[in-house]
Amino acid sequence: MKIAVCIKRVPDTEMRFTIAGDGKSIDTAGLKYDLSDFDGYAVEVGLQLAEKQGGEVVVVSLGPDAVQETLRKALSMGAASAVQLKADTIPADGFAIAQALAADLKDGGYDLILFGRVATDSGSGTVGPMVAQLLGLPCVTSISQLSIEGGKGTARRELEGVTEVLEFPLPAVLTIDEGIARARLPALKGIMAAKKKPLEVRPAQLGEVRLTVEKLALPAERAGGRILGEGADTVPELVRLLQNEAKVL
Amino acid sequence: MANMFAFAESRGGELRSVALEAVTAARQAADASGGGEVHALLIGAPGIGAHAERLGSYGADVVIVVEHAGLARQSAEVSAATAAERIRGGGYRAAFFSASAEGRDVAPRVAAALGVAMASDVTGFEVQGDAIVARHPVYTGKAIATLRLTGTPAVLSLRPGAVTAAEAARAGRVEPANPAIDPGAARVRVTDIVDRGSATFDLGEAPVIVAGGRGLKAAENFKLVEDLAAAFGNAAVGATRAVTDDGWRPATDQIGQTGRLVSPTLYVAVGISGAIQHLAGMRTAKTIVAINRDKDAPIFKIADYGIVGDLFEIVPRLTEEVRKAKAR
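Chains as they are written, first to last, in my numbering: chain A, 2 to 250; chain B, 138 to 465.
Chain A extracted, bound-state conformation (with noise of 0.2 Å):
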């Protein structure tokens, strides 16, 4: 089986942002990036189905020469190969991107084309289906459950307060969801093993830009910090506050 894993590099998150002086970026001085959560899911999900049932794992990410770091953690997480799609920056149209990946991926051979279900920095989810629709192939979202077996899978997906069944045939496109698979470790070996697995550079062949980040603003603080009190006889107060002041009760 032959599974290709779509990337993206993105920022951690859980550091603090500043917006750049275009006000249209964040400041990336001093920012540290990783490969986005819901993407190291989807490289595990790929390495476990090859693990399974033979067969490996390519990544693929566009973007600058510094995507190359989060592709060597994937190839040392046990990715066979990877692919980097370059191009100068990473557009916030996730349609530009999905006519890239589509167009490299097409004569790939894949059986299955792995995504995370949303990247953390854009918030979009937009890619996968998008390159399922270009490629014409089957598609499900947002899967929290796995199961391939003779050319056909099984998958379960979370809808609001109820789980979907569905099955599939294959060469399909997938995207991931929390639950499914926690991303390995690269151990050592992996690591030293990822410094010799092959890295191809390509040129992105990016559809025309017809999203742009016209302004970029951090979301208002939050007033917060008012306790209340201490213990249970504080609760009358908390309910005459929601009900008369916040109203929301």
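Treat the hints with care, since some could be wrong.
Each computed EDC-like pair below joins lysine to aspartate or glutamate, with the alpha-carbon atoms no more than 20 Å apart [to be verified]:
#1 B/K463 / A/E222
#2 B/K463 / A/E246
#3 B/K423 / A/E222
#4 A/K248 / B/E342
#5 A/K248 / B/E457
#6 A/K3 / A/D89
A few chain B residues that face chain A, going by a derived Cβ cut-off under 7 Å, partial list only [as the list claims (entries may be wrong)]:
#7 R241
#8 V311
#9 R324
#10 Y442
#11 I451
No lab work stands behind these hints: they were computed from the structure.
Where a beta carbon is used, it is the ideal one built from N, C-alpha and C, also for glycine.
Chain A is fixed; fit chain B onto it per the hints.
Just chain B now, with coordinates in the frame of chain A:
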């Protein structure tokens, strides 16, 4: 003057609340552009068309009703193909979906089929001449991006609850149509839908969320959280990552950077210290209440109202008081 398209989501034959939000958004956009029409697509099993009138009362001039016996369960493949076909031929300025589980599945396929860009999980928008400007939380809610979408039509998915559904009586004229592909020929088949039972109210859409953390000490103590949620009557139950990792609650209940990002009207944090990864998922709630034993817990810094103390005494009392307040 421009016409707008809205995708009216339904499940199991029932209209979902986000359908009215999408129609309301389309109505607002049409009015802002000088008064175009709103066309809503309603797709499902025979009988789904009965909801057309309701969509009309929220601002749909035309309701495209697609009924098919093979659509008792929604198929993203069929919905996307049908919506794309209709939008392609309809000359719409913009198409509105919900950023619900189904909308997040369908809308990007529609955008790709039409060859246009889309703005996802939008919390506000404006029509500005040839462009549509949309606001969208990025970096797990730590920043808000203002996006400019050029090209027609613009595809947007709206964060559930971001637009308040508002009545605006229109004709809601029914226009029957066929699915763009035969549901029997869809490659992905939904074979079962399992009710998770717990949530009548989904985390993404509930007006109130009561969430529990490690402070509850054991899985069975979530009963306190569930009782409080039941007292509110319109609440969903959430949890921290520590709790879902320990298996006290299913992973789907997790609120935070790697779980659900929620913005309810009221968020009650029970025994939650307030790790950054959790705050990322709930800091946009309108009002936050925190109950925790540790007065220095970070959750108190963002809480509008905090009570320090033993949650095992405070929460049952709160449940009782909320029940009384609701009964008044």
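For a C-alpha distance cap of 20 Å, please report whether A/K248 and B/E457 respect it. It holds: about 19 Å lies between the C-alpha atoms, which stays within 20 Å.
Is it true that the CA of A/K3 sits at most 20 Å from the CA of A/D89? violated (29 Å)
Using the nearest Cβ pair, does B/Y442 come within less than 7 Å of chain A? holds (6 Å)
Take a quick look at whether B/K463 and A/E246 sit within 20 Å of each other, Cα to Cα. Measuring from Cα to Cα gives roughly 16 Å; hence the hint holds.
With the threshold set at 20 Å, check whether the alpha-carbon distance from A/K248 to B/E342 stays at or below it. holds (19 Å)
Does the closest beta carbon of chain A sit nearer than 7 Å to the beta carbon of B/R241? Where the cut-off is 7 Å and the nearest Cβ of chain A is about 6 Å from B/R241, the hint holds.
Any CB of chain A closer than 7 Å to the CB of B/I451? With a closest approach of 5 Å, the B/I451 hint holds.
Verify the proposed pairing of B/K463 with A/E222, using a straight-line Cα cut of 20 Å. violated (31 Å)
Restraint outcome when B/R324 is required to lie within 7 Å of chain A by C-beta distance: holds (4 Å)
Does the structure keep B/K423 and A/E222 at a Cα separation of 20 Å or less? holds (12 Å)
Hint check: 7 Å Cβ-Cβ cutoff, B/V311 to chain A: Because about 27 Å separates B/V311 from the closest Cβ in chain A, which is outside the 7 Å limit, the hint is violated.
Against the hints set out earlier in the document, violations occur for numbers 1, 6 and 8.
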